[in-house]
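> Single-letter residue listing:
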Amino acid sequence: MIRRTPILIAASVLLAACGSTPTGQPKTELTLYNDKGAWSKYFTEMGALSKQQIDLGMKPVGYTDEPTYQAFIKASFRTDVKPDLFTWQTGGLLKEIVGQKQVAETTAIWQEAIKNGDLSEDVATYYTVDGKQYCVPLNVAYWGMFYNKKIFDKHGLKPPTTWDELITVAETLKKADIKAFYHTSVLFSFVWFEQLLAGTDPDLYDRLSTGKAKYTDPGVVQVMEKWKSLIDAGYFSNPGDKTDPADALKNDKVAMVSFGTWFNTSMTQRNLDAGFFVIPNVNASLPKTSMIFESGPLCSLAKAPDPAASMKYLKWWTTTQAQEKWSSARGDVSANPKVTIKSEVLGQVTKDAGSGKYRLVNRYFEATPPPILTAALDGFGLFVTKPDSYRQVLEDIQKKADEYWSTHQ
Amino acid sequence: MTGRAAPLLGRFRAGYVAPSVLLVAGLLYAPFVWTAYLSLTRYDGLIPPEWVGFENFVKLLDDPALLTAIRNTLMWVAGTMLLPVGLGLLVAVLSYDIRGGAWFRVPFMLPYALSGAGLGLVWSPILSHDGIANKLLGVDTAFLQEAPHNTIAMLLVWTWQQLGVNTLLFAVGLQSIPKEPIEAARLDGASGWRLFRHVIWPLMAPLTAVVVGLALVASLKSFDIVWVMTQGGPGRNSETLAVTMYRDTFVASEYGYGSAVAVMLTVVTGLASYLYLRGRK
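Protein chains in written order, with UniProt numbering: chain S, 1 to 409; chain D, 1 to 281.
The hints are simulated quantities; they were obtained by calculation from the structure and are not laboratory data. Check before you lean on any hint, since a few could be wrong.
[Said to hold, decoys possible] Calculated lysine-lysine pairs in the DSSO-like style (CA-CA distance at most 30 Å, straight line):
1. S/Lys357 to S/Lys399
2. D/Lys59 to S/Lys214
3. D/Lys221 to S/Lys386
4. D/Lys135 to S/Lys154
5. S/Lys175 to S/Lys253
6. D/Lys179 to S/Lys242
7. S/Lys386 to D/Lys59
8. S/Lys41 to S/Lys253
9. D/Lys135 to S/Lys250
10. S/Lys175 to D/Lys135
11. S/Lys325 to S/Lys41
12. S/Lys386 to D/Lys179
13. D/Lys59 to S/Lys212
14. S/Lys74 to D/Lys59
15. S/Lys158 to S/Lys250
16. D/Lys221 to S/Lys399
17. D/Lys59 to S/Lys399
18. S/Lys74 to D/Lys221
19. S/Lys386 to S/Lys226
20. S/Lys253 to D/Lys135
21. D/Lys135 to S/Lys149
22. D/Lys135 to S/Lys150
23. S/Lys399 to S/Lys212
24. S/Lys338 to S/Lys357
25. S/Lys242 to D/Lys59
26. D/Lys135 to S/Lys228
27. S/Lys82 to S/Lys36
28. S/Lys27 to S/Lys325
29. S/Lys95 to S/Lys357
30. S/Lys95 to D/Lys59
31. S/Lys174 to D/Lys135
32. S/Lys315 to S/Lys27
33. S/Lys74 to S/Lys59
Note that the coordinates shown come from a computational prediction; the quantities given were computed from them, not determined experimentally.
Please build the complete structure, drawing on both the sequences and the hints.
Structure below.
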């Protein structure tokens with residue numbers, strides 16, 4: 001008996017360590033791992049709604065640090081700690097996990113949703129790899145300029161419709177000692193690069209994203225020089241400021257902030273009635289106004305703990321009743337064209353984008369492979385603090401791009 | 001030990017040691033061997049590792065960011081020796097043997113309760129361009145933007161936190177040294193700097209070795225404060241080796257290259273500790 005006891009204890013410990021025994025019972029609540037920790041409140045509301053509507057609850061597990069989140073998700077592919085649902089990125093990162101057969105196919109959900117008018121063919125392209133769809137849109141966002149209506153009214157300014165008008169607005173604000181534009185040296189350092197390049201030569205932007213153009217090409221250099229001229233003119237806030245951009249806009253520290261429509265969630269949280277306009281092209285001769293577009297996927301693993309439950313949830317997520325709530329709670333737009341957008345101006349932008357008025361350009365963050373993106377974010381971060389460094393910055397990014405594309409073409 | 005217990009212990013000796021050995025092997029040696037293997041591969045955390053030999057190490061030698069990281073790490077080592085350790089010793093000596101010395105040391109200890117990340121979160125807005133430091137000093141300095149100001153600023157923050165614990169360790173060391181040699185030296189007329197330099201300092205040598213050794217290793221792997229306050233930027237100008245390792249591995253998803261930095265950092269830390277301890281013999 002004495003000899004058997006340690007063996008029994010060891011066996012119990014081992015059994016416990018091996019995790020729960022599958023019961024075969026369908027799940028009644030799913031965990032949704034996400035990199036949007038600040039949206040936990042909205043995810044929880046969605047969980048309560050799904051419980052009501054399809055008898056399947058959802059509990060969010062939010063991360064705020066992107067590298068930590070991605071490392072966790074990648075690790076979950078090889079371990080037994082598997083999320084039922086998780087957020088991810090379109091572009092190269094989605095292709096990678098599809099290539100590794102880690103993510104569940106959602107072609108059937110997309111086909112039905114497109115047929116019902118819950119999703120559009122345009123958005124499907126961001127979720128298509130080798131003719132099949134994976135994940136569904138957690139959110140979509142159109143990028144433009146949020147502006148402080150109070151400041152604009154005080155100085156008799158109107159949302160600009162041409163690049164020259166935008167510069168006139170910035171010049172007026174400069175004379176009133178107000179910083180026109182927000183920019184930062186951390187993470188979102190790419191915003192003005194993508195906006196200026198897409199508004200000058202969107203084809204070059206696309207070629208750059210796929211390694212068919214170089215960061216040292218004359219067109220890219222000119223964009224950096226344009227950006228430098230705007231910084232030199234004194235239109236930008238200090239990139240070292242740590243004030244949240246939403247607070248900077250609310251507290252009159254800056255007059256305009258360029259972000260995706262999801263930034264309206266921050267406006268909603270602060271009860272700030274900010275305006276929004278589409279940023280005009282730098283190059284007036286382009287046939288369509290370039291608009292940065294992003295969409296974040298909500299995915300299920302190919303080996304999800306309960307694949308049927310995860311699929312049921314993804315399908316529900318695309319429906320109008322789910323999206324009405326998701327969109328209105330955050331004050332954002334929706335991937336579902338049938339949803340009524342609370343904000344009149346954002347609703348109009350969504351409508352115009354859906355009717356093909358703009359040339360949608362994939363956001364730099366998703367369009368650029370991670371190693372190049374990391375080098376670029378560092379480079380742009382340096383550039384905004386030392387604008388004279390632009391040539392060196394472009395050379396450094398290109399060095400990384402050469403290295404990457406030499407093994408990934 | 002009784003005659004009955006000795007053979008029993010002898011029989012199961014390996015069994016007693018096994019759990020600890022398994023824990024150490026599983027949690028320390030195995031990850032290190034795995035990291036060393038990854039350093040010889042190209043790996044993005046998803047696609048299976050591809051063997052590339054020493055390519056990552058060759059790339060390391062040609063990476064200008066690595067030189068910056070080495071320069072900053074050396075600044076952290078030198079700064080740590082000078083400020084948290086040096087000032088810690090000074091505060092301990094000044095507060096030694098005086099009435100209320102312990103109370104004098106308490107304020108220095110309080111920041112030690114903060115984690116490195118918490119420390120960064122507290123100080124980052126203070127030192128930012130629109131922070132209170134600029135307003136109080138009436139200046140317009142980019143404390144966290146320009147190199148080497150940003151590393152120096154972070155070192156001062158690190159000092160604010162670490163000073164107390166070093167003071168405490170030195171104070172304990174001072175209290176534990178025998179009184180007789182000090183009394184004898186005083187009777188011989190030694191006092192002040194001469195007493196410290198020739199009597200107290202040598203008597204504190206074993207403790208100093210521990211404090212300096214710990215500070216050396218901690219400064220070589222400086223990460224949390226830098227990551228929270230500047231993320232190694234802007235433009236990688238405040239990166240330390242540990243930040244480079246994290247950034248290349250988890251941000252750029254270059255696990256192989258990041259592992260090569262990790263191996264290099266391990267070798268540097270091990271070598272520095274070995275040379276330091278050997279030099280003290």
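> All hints, please: hold or fail.
We went through each hint and held it up to the structure:
no., hint, in the structure
1, S/Lys357 to S/Lys399, "36 Å, violated"
2, D/Lys59 to S/Lys214, "21 Å, holds"
3, D/Lys221 to S/Lys386, "28 Å, holds"
4, D/Lys135 to S/Lys154, "28 Å, holds"
5, S/Lys175 to S/Lys253, "15 Å, holds"
6, D/Lys179 to S/Lys242, "53 Å, violated"
7, S/Lys386 to D/Lys59, "27 Å, holds"
8, S/Lys41 to S/Lys253, "28 Å, holds"
9, D/Lys135 to S/Lys250, "21 Å, holds"
10, S/Lys175 to D/Lys135, "24 Å, holds"
11, S/Lys325 to S/Lys41, "12 Å, holds"
12, S/Lys386 to D/Lys179, "58 Å, violated"
13, D/Lys59 to S/Lys212, "24 Å, holds"
14, S/Lys74 to D/Lys59, "25 Å, holds"
15, S/Lys158 to S/Lys250, "18 Å, holds"
16, D/Lys221 to S/Lys399, "28 Å, holds"
17, D/Lys59 to S/Lys399, "12 Å, holds"
18, S/Lys74 to D/Lys221, "25 Å, holds"
19, S/Lys386 to S/Lys226, "15 Å, holds"
20, S/Lys253 to D/Lys135, "16 Å, holds"
21, D/Lys135 to S/Lys149, "28 Å, holds"
22, D/Lys135 to S/Lys150, "27 Å, holds"
23, S/Lys399 to S/Lys212, "14 Å, holds"
24, S/Lys338 to S/Lys357, "18 Å, holds"
25, S/Lys242 to D/Lys59, "34 Å, violated"
26, D/Lys135 to S/Lys228, "28 Å, holds"
27, S/Lys82 to S/Lys36, "18 Å, holds"
28, S/Lys27 to S/Lys325, "23 Å, holds"
29, S/Lys95 to S/Lys357, "28 Å, holds"
30, S/Lys95 to D/Lys59, "27 Å, holds"
31, S/Lys174 to D/Lys135, "22 Å, holds"
32, S/Lys315 to S/Lys27, "16 Å, holds"
33, S/Lys74 to S/Lys59, "20 Å, holds"
Violation of the numbered hints given earlier is confined to hints 1, 6, 12, 25; the remaining hints are satisfied by the structure.
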